[in-house]
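Use the sequences and the hints to build the structure in full.
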Amino acid sequence: MSSYLALLSFAVLGFALEMHLVFVNVIIGATVLTVVTRYLAYLRRDPGLESVAKGMFRLMVVTELFGGVWGTILTVFMAGLFPSMTAIFTRTYFYPIAIALVGILVSIPLIAIYWHLWGRVNPRTHSLIGVPLAISVLLVPVGFRYLFAGLDYPQYIMTNSLAVFSNPIYPPLIIHTLIGAMDIGAFVTASVLATRRNMNINGMRIALGTGLVLLVPQAIAGAYYFTVLGRYDPYIVSNIAGPLLGYDPGTALFYPAFYTAITLTIALGATALYAFYAAMQGRVVRPAVIGTGFLAEAILVLMEYVNDGSRYPYLFLSGNSGIPITQLLNTLIPLPLIAIYTMLLSTLIFTAIFTITLYYAIIRRFLPED
Numbered sequence: 001m002s003s004y005l006a007l008l009s010f011a012v013l014g015f016a017l018e019m020h021l022v023f024v025n026v027i028i029g030a031t032v033l034t035v036v037t038r039y040l041a042y043l044r045r046d047p048g049l050e051s052v053a054k055g056m057f058r059l060m061v062v063t064e065l066f067g068g069v070w071g072t073i074l075t076v077f078m079a080g081l082f083p084s085m086t087a088i089f090t091r092t093y094f095y096p097i098a099i100a101l102v103g104i105l106v107s108i109p110l111i112a113i114y115w116h117l118w119g120r121v122n123p124r125t126h127s128l129i130g131v132p133l134a135i136s137v138l139l140v141p142v143g144f145r146y147l148f149a150g151l152d153y154p155q156y157i158m159t160n161s162l163a164v165f166s167n168p169i170y171p172p173l174i175i176h177t178l179i180g181a182m183d184i185g186a187f188v189t190a191s192v193l194a195t196r197r198n199m200n201i202n203g204m205r206i207a208l209g210t211g212l213v214l215l216v217p218q219a220i221a222g223a224y225y226f227t228v229l230g231r232y233d234p235y236i237v238s239n240i241a242g243p244l245l246g247y248d249p250g251t252a253l254f255y256p257a258f259y260t261a262i263t264l265t266i267a268l269g270a271t272a273l274y275a276f277y278a279a280m281q282g283r284v285v286r287p288a289v290i291g292t293g294f295l296a297e298a299i300l301v302l303m304e305y306v307n308d309g310s311r312y313p314y315l316f317l318s319g320n321s322g323i324p325i326t327q328l329l330n331t332l333i334p335l336p337l338i339a340i341y342t343m344l345l346s347t348l349i350f351t352a353i354f355t356i357t358l359y360y361a362i363i364r365r366f367l368p369e370d
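With the first letter of the sequence shown counted as 1, position 38 gets the number 38 in the UniProt record's numbering; the numbers rise by one all the way through.
Don't read these hints as lab results, they were simulated from the structure.
Certain hints may be false.
[Stated by the list, open to error] DEER-style ranges, computed between Cβ atoms:
id : residue 1 : residue 2 : range
1  : R286      : I262      : 19 to 29 Å
2  : N122      : N320      : 52 to 62 Å
3  : T342      : R120      : 46 to 56 Å
4  : S161      : Y224      : 18 to 28 Å
5  : P83       : I349      : 18 to 28 Å
6  : F294      : I113      : 46 to 56 Å
7  : G119      : L244      : 50 to 60 Å
8  : I333      : V121      : 50 to 60 Å
9  : L244      : Q281      : 32 to 42 Å
Cβ atoms here follow ideal geometry from the backbone N, Cα and C, with glycine treated the same way.
If you want it as structure tokens, here you go:
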């Protein structure tokens, strides 16, 4: 029973994490694209490009709302289901969490300031305001990704708090995360722009071009991360790579998803290249452009499932073993199975509601076009 309860708890937490990351990656990518496009519009004195930047910013605001809700759900689930893990995080990874919280607290007022001052201050000044906005948004994954690195390589748990910044898993993980987030954000932004009645082809060129350019460094960063994982976390790599690369995985639940994600990445590159080429010729192939966003998000979901799920039945890993999930479950307030089922069902219902609301917010224009 405890193993089944652990699996359900792990699945509920993982689902909330997946949904949170679906939005967070768009937030990061859309923010960086907004700031860069706004600056280019200022340099070129291009009102059309400025309108594109506004559209990108609107997308970021909408996804920020949904990402924040899922972040709250994720935190509640983690604290309720795995209080011991939460305690370890807040004690050992206090400084990384503080970095992320500073990013959140600074970005919220900057979002309001950036929007309110658009058109009310000098374009150069407004463009400069975007710099701390982008930095504050990037601080969130910069801080929180230390927690994931700590799950993969927790050897520093008993040392001083500053030692967590030396985790060897972190550099490839954060590089992979940031490039991937901007890549996903670029493709999703292009997809949303393609749904507009008054499509701006320049905006789609910028978004698609950015996504295409980042695919190569993202692949390199992914290979770098995989190599480092192979050194410090052979258990994860074995489950991810599977027998195709000569490993003996403990389960077949993950490596098929990994190779599916790689196949989808190739499909994404081909689709994006075709859509970008058409845009450079002055044509918009809507199905292709919109498809890049869906492909990018599908790859994210599969890769995150593989990266985080492949540690099961452990949470904190050390080589080929680790601390089992069952040892970190809430034992002070034991949760019955019906409570876990209720969490899972309510999460699925909320997901359906959020999906409908997101559709109306972006496609049906709760935030109006210019």
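Which of the listed hints are not met by the structure?
-> 6
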